[in-house]
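**Q** Spelled out from the first residue to the last, the chains are:
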Amino acid sequence: MSETCIEIRDLVVRYDDVPAVNGVSLSVGQGEHVTLLGPSGCGKTTTLRAIAGLEEPSGGTIRINGELVYSAGDRRNVPVEKRGISMVFQSYAVWPHMSVSDNVAYGLRVRGASRDEIAAAVDRALDLVQMRSFANRSASLLSGGQQQRVALARAIAFSPNVLLFDEPLSNLDAKLRAEMRVELRELQRRLGVTSVYVTHDQEEALAISDRVVVMNVGGIEQIGTPEDIYNRPRTRFVADFVGSANLIAGRVRNSNGAGAVGFEAGGVALAAWAGHSPRGDESHVAVRTAYIDMAADQAGGDTNRVAGTVRQRLFHGDFIQYIVDCPVGQLNVRRPPTELFEEGAAVTLRFAPEHCVLLEG
Amino acid sequence: MTDITRDRLLSGAATKWSGLPSGQTVVSLATLIFCGGLVLYPLVYLVAEAFNTSGEDSFPPAEIGLGNFTDLIDDWHVLANTAFVACLATIMAIVIGFLAAWTLTRTRLPGRGWLERLMELPYYMTPLVGALAWSVLAAPRTGFLNQLWHGIGGGGDLVNIYSPFGIAWVMALFEGTVAFVMISAAMKSMDPALEESARVMGAGKWRTMLTVTLPLVMPGVLGATVFVFAEMLGSFAAAFVLGLPARFVVVTTAIWEAVQSYPQDYPRASALGLALFGVMFATMALYRWVIRQRNFATITGKAFRPRAMAMGRLAWVLFAACVLYVIVAVALPLATLLLTSLQRFATVIMSQSQFTLANYETALGFGAVRQALVSSLGLGVGVATVGVAIMTVLVWIIYRSKAPGHRLIEYVVMFPQAVPRMVFGLALLWAWLNIPIPIYGTLWLMALAYFTVLLPLGVRTLAGVVLQIDESLEECARVCGASWFYQLRTVSIPLLRPGIIAAWLLVFIASVRELGVSIFLVGPKAKVIAPSIISSWLSSSSELSAALALIQTAAVFVAVIVLFRAARGVSGERL
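As they're listed, the protein sequences go chains A and B.
Whatever position you read off the first sequence (first residue = 1), add 7 for our numbering.
Whatever position you read off the second sequence (first residue = 1), add 1447 for our numbering.
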């Protein structure tokens, strides 16, 4: 990570008495794409709006490109229009009383750009989102996906320092959402602009981010690369919220600090991996449903081998979900549709120790 | 000091310290003081005078006591009259409103859309116009209906509109449309699936209506009943035109008489006014409570198109009743006034009638009446233009800004709604008589008064539009770098334009037909149309009154047509 672009320290935002964000600290590097991920009410949108200056915090500091834009101690609160940021709203907020190009030109007009500059920048932005041919269309006549593109073009047209996204894809249908994800990632790479993205969709967060910040009840649960978050969840919340995981209850048997640890669940000894030095109060390991192998015979080593019976099979198309009864509890297993087992069949489950992650207590 | 208050203070200070959004704070504070003063200042005088027992009209009173209120007990018949007429009129209005709402939302009949529009027309006729027309139609001996009755050899009078029933009738015709609008809104907000599931469970048509439809609609009907009752309590024109000839006095007309009598009895008027205000305030509080009770989870803000029921021949009977209502409430009064205004002496026996344009010549020629007409239209345009501009800023502060006290402003500006118009007029009269600014008896005071009493109307209309506009449309402008004023100019106000047009027209209409406040503030230098109609009627020229009433109605209807046009343009756009 290069130079820091956004730096948040101990941010607190209260609505009346209730803290919506409670002591969040976070830094975003230049050109980095960071996603705030969490369920509704976790404070992710509030954090984003505090960065934008749309929400007034009651504690902490926020710096953008080194400039202190909010500081409770210094009684400093730079208004939103002076922060040099840009934002794409959940509702798109495309102004219905203007044409597409007027919408896109707005930020440039506010900044007093010349007519030629505006025309060039508008064309460039509309080209990027492939909406050039709609430039003179009234914004009230656009479909949801088109409005989304216009909102994006408008946000990037005036070359902001920072781009903020507030669940920009949540109002699109599933197919369009998947397409826009690819485009957003591409656009972000091409522009190299620092961006903070808010979503409750974990797939989206994993797909388009350099780093993911998982939030819950106003605080940060874990910060890491998408692979980190998926492969090495730190808490039960993260394991449960991101991707699909089995939480196996048991206790730590032996450990020598972080790394390989012994775990016992339902009388079965499991080889697990810990990202932290176990303190002894840990009670769960997480195993991703996609990381469990399933076979009809018992061939292979003894490590993390669990015998079980297929209780239920659910065909999802892209994968098959098996619910398997075994001594450690009921496990969810995701296999490709080529691996077919009948309900009631006896099976052997296996997973690598590094995929059996000890969670913090 | 708790942490929260300290944080609040700190953040407030932060705003000021960085010196940036203070534009909002200043504007919002100024509006709060201005509007708060306009609304509350007169009421202070009203309250003081109501408790003034010194026998001298001074402020503050030299002696205070409850004497003025205990005197009211002797006037129990006035209070009883008021309650009787209001109850009677409310029942009639609710029956009209309920039947019409049922017919127009639940049956599938041709021309339903048109009739729905027509049903709103009685609202734009003022009670004064209705009362004048019905007094011409149904006064004892001289009323058109009685003339015809005598003509065919009937003895005595067929109808007598100068009675409590007459007053209630005219008021119900006017308020029936209010009840209709409120009840049909309740009916439209019900998800048809609720009825459909009753049918699926095996309930018949009538059983469904009794067990599902009516219980769900009842809170809406109850809300409309309380609201209409509160309006009836404060109404003046019908009781004045139709009650005084028969010496039937209600609270509002008693207030007027106390002020008109010599010597003027302000303490009695104020006590009456304050008592009426108290009752109306309690009724409005009850209304809000009823409305809040109807939070059945099933009734959402969403509008549904209810499924039409096959009602058979009954539907046509109901349909005819709705048409009859529009005829009796709008067409018949207007036709009566038109005929009267063109005659030297009002008569329906054509062989005796002498047609003339003299009444219009008097109205439009040079003189006091023409002056009143011009002033009214001028005031309408002025108050609508300046008023709506201020109201727009107000609505902005109330619903969008984070400026301190923005919720308080809402209470203050909506307050005049809870005060009967007559009582507010009285309070204004008394308050501005006592102030050294030489504004009393001028059109300036009239304009200020109109603005004050029409604040709730304008603010409510604009708020309806503001709340529909997604907040992020504005936030986005700020994010793009616009200052608050730039954002208002380029985003907020253009988006609000349809609402601004509607509010302008509604305020204009309300100004042109204003009576309750105007009647106390008119003077030689400040004449407006509604009180002029009253005074020409008092000087027993129903012909000239009819001409004036028609001119006033015409001005209102032109504005209404423009309003409907504008409203259609609004719904066509996607906001």
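Some hints here could point you the wrong way.
So the derived label-pair ranges between C-beta atoms look like this [claimed, not checked]:
{"hint": "1", "chain 1": "A", "residue 1": "Ala306", "chain 2": "B", "residue 2": "Asp1638", "range": "47 to 55 Å"}
{"hint": "2", "chain 1": "B", "residue 1": "Leu1914", "chain 2": "A", "residue 2": "Pro46", "range": "58 to 66 Å"}
{"hint": "3", "chain 1": "B", "residue 1": "Arg1559", "chain 2": "A", "residue 2": "Glu210", "range": "29 to 37 Å"}
Here are the simulated lysine to any residue pairs, SDA-like style, with alpha carbons at most 20 Å apart [stated by the list, open to error]:
{"hint": "4", "chain 1": "A", "residue 1": "Lys89", "chain 2": "B", "residue 2": "Phe1813"}
{"hint": "5", "chain 1": "B", "residue 1": "Lys1972", "chain 2": "B", "residue 2": "Phe1813"}
{"hint": "6", "chain 1": "A", "residue 1": "Lys89", "chain 2": "B", "residue 2": "Leu1890"}
{"hint": "7", "chain 1": "B", "residue 1": "Lys1635", "chain 2": "B", "residue 2": "Val1542"}
{"hint": "8", "chain 1": "B", "residue 1": "Lys1635", "chain 2": "B", "residue 2": "Ile1520"}
{"hint": "9", "chain 1": "A", "residue 1": "Lys89", "chain 2": "B", "residue 2": "Val1542"}
{"hint": "10", "chain 1": "A", "residue 1": "Lys89", "chain 2": "B", "residue 2": "Gly1812"}
{"hint": "11", "chain 1": "A", "residue 1": "Lys89", "chain 2": "B", "residue 2": "Phe1932"}
{"hint": "12", "chain 1": "A", "residue 1": "Lys89", "chain 2": "B", "residue 2": "Leu1595"}
{"hint": "13", "chain 1": "B", "residue 1": "Lys1635", "chain 2": "B", "residue 2": "Leu1804"}
{"hint": "14", "chain 1": "A", "residue 1": "Lys89", "chain 2": "B", "residue 2": "Pro1885"}
{"hint": "15", "chain 1": "B", "residue 1": "Lys1972", "chain 2": "B", "residue 2": "Ser1848"}
Chain A is nowhere near these chain B residues, computed Cβ spacing over 12 Å in every case [to be verified]:
{"hint": "16", "residue": "Tyr1488"}
{"hint": "17", "residue": "Ala1929"}
{"hint": "18", "residue": "Val1938"}
{"hint": "19", "residue": "Leu1943"}
{"hint": "20", "residue": "Ser1987"}
Source of the hints: derived by calculation from the structure; they are not laboratory data.
Everything numeric in this text was worked out from a predicted model, so none of it was measured.
Beta carbons: idealized from backbone N, C-alpha and C, even for Gly.
**Q** Please go over all the hints and tell whether each is borne out by the structure.
**A** Results for each hint:
| no. | hint | in the structure |
| --- | --- | --- |
| 1 | Ala306(A) with Asp1638(B): 47 to 55 Å | violated (60 Å) |
| 2 | Leu1914(B) with Pro46(A): 58 to 66 Å | violated (28 Å) |
| 3 | Arg1559(B) with Glu210(A): 29 to 37 Å | violated (49 Å) |
| 4 | Lys89(A) with Phe1813(B) | violated (60 Å) |
| 5 | Lys1972(B) with Phe1813(B) | holds (15 Å) |
| 6 | Lys89(A) with Leu1890(B) | violated (46 Å) |
| 7 | Lys1635(B) with Val1542(B) | holds (18 Å) |
| 8 | Lys1635(B) with Ile1520(B) | violated (45 Å) |
| 9 | Lys89(A) with Val1542(B) | violated (59 Å) |
| 10 | Lys89(A) with Gly1812(B) | violated (61 Å) |
| 11 | Lys89(A) with Phe1932(B) | holds (14 Å) |
| 12 | Lys89(A) with Leu1595(B) | violated (78 Å) |
| 13 | Lys1635(B) with Leu1804(B) | violated (47 Å) |
| 14 | Lys89(A) with Pro1885(B) | violated (48 Å) |
| 15 | Lys1972(B) with Ser1848(B) | violated (41 Å) |
| 16 | Tyr1488 | holds (32 Å) |
| 17 | Ala1929 | violated (5 Å) |
| 18 | Val1938 | violated (6 Å) |
| 19 | Leu1943 | violated (10 Å) |
| 20 | Ser1987 | holds (55 Å) |
Going through the hint list in order, the structure does not satisfy hints 1, 2, 3, 4, 6, 8, 9, 10, 12, 13, 14, 15, 17, 18 and 19.
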